[in-house]
Amino acid sequence: MTVTVINSGSRTGTEVVQLYVEDEALGISRPALQLAGFQRITLEPSQEATLVFTLQLALLAYLSLEGRWIVEPGPMSISVGASSDDRPLRTLLDVTGGTADVTDSRAYLTESKSLTLTADLP
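Under the numbering used here, the residues of the sequence shown are numbered 1 to 122, in order.
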């Protein structure tokens, strides 16, 4: 997922951009909201940065009754914002295929990086 952050203020600012996932499927008892990644960015006034979050399939997993980390097909909500209460960017991801056992490739946070920094915005 790619997001652009712009410092529209008149002073240098730091933001922690957070990526969350939510399982939209019914029937599985999971946390309502799961922090999947974050990136701290400091921007000068009028500066912008493009952040890229790489969401691995294993981040969508839950612990089954058999003690295995699995991902089941179905809708997942992906959101980005400054906090769990402030997530203005949202999209729906449809996981397709069969149930995947990701026990041996368990991940806890996304990889993220800042691609570009620019200034001189009007």
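Be a bit skeptical, because a hint or two may be false.
Claimed, not checked - Derived DEER-like restraints, expressed as beta-carbon distance ranges: (1) A82 x S46: 15 to 23 angstroms; (2) I70 x S8: 19 to 27 angstroms; (3) V95 x P45: 34 to 42 angstroms; (4) P73 x T42: 34 to 42 angstroms; (5) D85 x S114: 22 to 30 angstroms; (6) V16 x L63: 25 to 33 angstroms; (7) P73 x S10: 44 to 52 angstroms; (8) G67 x P88: 32 to 40 angstroms; (9) E66 x T42: 38 to 46 angstroms; (10) S64 x T42: 34 to 42 angstroms.
Bear in mind the hints are in silico, worked out from the structure with no lab data behind them.
Because the structure is a prediction, the values reported are computed rather than measured.
No residue lacks a Cβ here, since even glycine has one placed at the ideal position from N, Cα and C.
Check each numbered hint against the structure and report the violated ones by number, ascending.
Number 2 - this is the single hint that the structure violates.
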